[in-house]
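My request is simple: use the sequences and hints to build the entire structure.
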Amino acid sequence: MTATSCKLAQFILLGILTAFSLTTYARVEVGKASPDFIGVDSNGVKHSLSQYKGKTVVLEWTNHDCPYVRKHYHSGNMQKLQKHATANGVVWLSIISSKPGKQGHVSGQQANALSQSRNAAPTAVILDETSEIGLLYGAKTTPHMYIIDKTGELVYMGGIDNIPSKDEDDIAKAKNYVRAALDAMAVGKPIEDNITRPYGCSVKY
Amino acid sequence: MMIGQSTWLVRVTIIAILLFAPLFTAATEDKPTRIKTPHLTASLVSEYKGIVPGQPFWAALHFDIIPDWHTYWQNAGDSGNPPTIDWQLPPGFQAGDIHWPYPQRLPVGPLMNYGYSHQAMLLVRIIPPDSLQPGQALELHANAEWLVCKVECIPEEGKFSLSLPVITANRQTASAWADAFNDARQRLPQPLPWPASVDVNASQLTVNINLSGVDTRQLQEVYFYPASYGIIEHAARQPYTVNNNTLTITLTRGDLRGQSLRQLDGVVLISERAADGVLKRAFTLAIPAAPTPSSTHPGLILLFALIGGLLLNIMPCVFPILSLKALQIVQSSAQAPATVRSNGIAFTLGVLISFAIIAALLLLLRASGEAIGWGFQLQSPAFVLILTWLLFAMGLMFSGLWSFGESFMGLGQQLTTRRGTAGAFFTGVLAVIVATPCTAPFMGTALGYALSQSTGTALLIFIVLGIGMALPWLLISFWPGLSNWLPKPGAWMEITKQILAFPLYATAAWLLWVLSQQVDQASLLVAFMSLVLLSFLLWCWQKLRTTTHPIYKVGLVLLLILTLAATLHQQHPPATTSNQIQGNWQAYDPVRLNELRRNGQPVLVNFTAAWCITCLVNEKVAISRATVQAQLRQKGVVYMKADWTNKDPRITNMLNQYGRSGVPLYLLYPGKGQDAVVLPNILTEGILTDALQQIATHE
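Going down the list, the protein sequences come from chains F and X.
With our numbering applied, the first sequence covers 703 to 907.
With our numbering applied, the second sequence covers 20 to 718.
Heads up, a few of these hints could be off.
Stretches of chain X that chain F covers, calculated by requiring three or more beta carbons in the stretch to come under 8 angstroms of a beta carbon on chain F [as the list claims (entries may be wrong)]: (1) 94-100; (2) 127-140; (3) 273-284.
Think of the hints as simulated: they come from the structure by calculation, not from any bench.
Positions of the beta carbon are idealized from the N, C-alpha and C atoms, including for glycine.
The following block contains the structure:
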């Protein structure tokens with residue numbers, strides 16, 4: 703009798719734990735519709751994913767104090783990609799999910815100053831200080847990149863490139879997954895690497 | 020005078036070396052062995068103070084990390100990065116990959132990282148060349164990069180140099196780091212000593228580990244560290260249950276859940292409550308995932324099973340039965356086609372039902388958590404003995420000592436239809452029983468696959484095996500035209516029958532030898548005597564055939580059963596099984612194997628059994644050849660024998676790890692911590708010498 707109730711308790715516990723583990727992250731999945739979100743940018747303008755239906759959207763999780771983000775901005779790599787993308791009609795949303803008081807958290811003004819000083823060219827910088835969008839997408843690192851196609855389907859998630867180092871010299875040697883994906887999409891080819899390992903600092907939730 | 024002069028010269032040289040030695044060390048100061056950053060102190064260290072020519076040794080990059088900060092494991096988890104070491108070694112030196120002690124969990128908000136706090140010891144095995152001269156001073160250079168994090172992360176790097184003298188083996192002494200090396204090695208994951216499997220679905224991985232011999236009440240915690248990104252959601256809980264000694268861990272699939280998982284790689288850390296605190300043990304998991312039906316070709320496996328079944332017909336241990344069948348078909352070709360057909364069907368049924376029974380038995384055992392494999396029947400002395408009696412009695416019957424009724428299994432002049440059908444059925448049964456020890460190569464694959472499948476699929480594979488075995492005979496019985504090549508019945512059949520008795524005696528003799536490996540000497544004598552008694556009783560049976568009174572026959576049968584039962588009761592395993600080094604080989608011991616591998620020693624492991632003919636042939640024609648033995652000695656290869664004659668879960672586990680359900684299996688560990696090379700099942704001297712040629716000479 704005690705054994706039965708013990709087993710029952712075990713199952714209930716297992717159920718609770720499983721349920722818990724599933725709620726940690728909503729699951730975005732490559733090949734499925736990307737979940738909609740509404741975010742406010744550094745100028746106080748609202749952006750939703752759904753408003754960009756018909757356009758390709760790039761999401762870039764960022765934190766200007768993270769050495770890995772610095773690698774790609776100091777070298778000019780990220781800005782170049784942003785310009786290449788937006789010039790081809792792609793919407794580029796940089797997202798900062800750092801909580802207030804944590805590394806990388808900035809005000810709208812600071813975010814604009816950063817964009818200007820770094821010559822960055824995103825469509826907008828979304829301030830996600832409630833972590834809502836970060837947790838919705840399961841963003842883990844800065845940078846962590848997502849691409850959503852014109853139909854609203856998630857087509858890429860992962861790293862910026864395939865050499866997880868902080869060394870700027872590696873950029874030239876690396877395969878830039880985001881550029882490769884955007885180029886493939888532009889000519890209607892399938893994306894070769896559509897899920898890759900994101901590398902960088904943890905998102906400061 | 021000459022002698023005096025040279026002594027003086029030597030002295031001056033020694034003094035000069037001693038004087039200048041500090042300068043040598045001073046020259047390396049620009050690349051230190053130790054680098055201090057604000058967050059940690061990194062050191063390049065060696066377990067020993069010197070290098071012995073040709074003797075592999077452990078070096079390590081050690082981090083002494085300030086509180087709250089950490090560095091990362093091979094899989095850093097959701098963020099972070101593992102350290103890298105780029106070696107610049109003197110010519111002829113080789114450095115292996117980093118051996119990572121098991122990490123700890125480092126949760127950061129909703130994320131999970133894997134790494135080390137306080138101390139991290141990244142072990143690397145280094146192999147110096149043989150050509151070094153004692154007295155040389157060598158410098159090992161390494162450029163390392165690492166990420167050290169609290170919440171924020173700092174990438175750091177260092178260029179290290181470690182100066183070590185070349186010395187002779189008898190001068191070797193441990194460095195101050197020796198204890199740290201020992202501690203770190205204890206935290207290296209070991210091969211999992213238990214059978215494990217993984218079930219894959221769209222969102223979860225279910226890992227099952229059969230913890231036989233573990234007191235699971237003492238389990239405190241179980242955690243799986245995946246070897247690489249995307250396999251599991253690192254931050255997700257890993258609930259586990261223990262049921263009948265089977266540990267089940269439920270893992271949430273990670274980013275790569277949309278892709279098929281070929282193999283689950285990682286480290287499972289099992290924490291156990293012990294008398295003096297908590298014992299933590301890490302094990303390497305490398306479980307081939309049960310393939311999803313869509314991604315593999317079950318059709319191909321079924322085809323293999325069919326071919327395997329066909330091949331069983333020409334296996335030496337089935338040969339006598341095969342001949343028996345040939346005679347039976349010759350016999351029945353004179354009869355009505357319908358009779359022939361029903362005989363064919365009866366034979367097929369006999370085969371199929373026997374296979375189904377074996378399959379059910381295997382699956383039942385699997386379900387009960389037994390570590391089993393093909394040929395397991397021959398691990399039971401009782402089964403071996405019964406098989407011996409059966410074959411011996413058949414041999415005696417073929418020799419004409421006795422007969423069973425008018426006929427037995429379809430032999431005899433006045434064969435009735437009914438008896439023929441029953442005979443054909445039992446011929447099928449007999450053929451399967453005798454065929455079981457013969458693991459044809461195709462069958463091994465099919466069976467290995469079958470045992471990892473769902474019950475229904477496994478059963479299907481066994482049935483197809485049976486169909487393969489019965490197919491030729493079924494075809495002949497339906498199209499007797501096919502048997503036109505068979506000679507006409509006649510007096511030659513009696514001669515053939517008598518000749519066929521001898522392969523049966525040979526098989527019985529071989530089985531007795533198998534038995535001799537399993538029981539003590541007294542039991543063996545009882546077994547031999549039981550055969551004499553068996554032949555006596557069969558002789559009596561024949562003499563009493565004309566007697567009308569059945570009481571004698573019943574009495575004889577009872578006596579026979581009594582004899583056999585008494586004999587079975589008197590079979591005892593040998594008092595001790597010797598685990599010592601015997602001749603040129605050592606008994607298999609997973610712990611010893613790991614030890615040897617850690618020491619970089621090359622090892623050849625021969626998984627064998629006394630009842631496995633292929634294994635014994637391989638030993639005879641390849642392993643025990645003088646050239647091969649000489650090469651083993653020359654290369655410093657340790658030769659281990661894993662004897663599976665009796666059930667041994669440690670061996671079964673290892674076989675399972677390599678996707679095998681039976682012997683033979685030959686593993687050659689080339690040393691230097693490299694993974695094993697699986698040698699072919701059929702060995703030749705050439706195959707072995709070529710394989711041995713590939714490994715570097717040890718010592």
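Do the hints match the structure? See the list:
no. : hint    : result
1   : 94-100  : holds (count 4)
2   : 127-140 : holds (count 5)
3   : 273-284 : holds (count 5)
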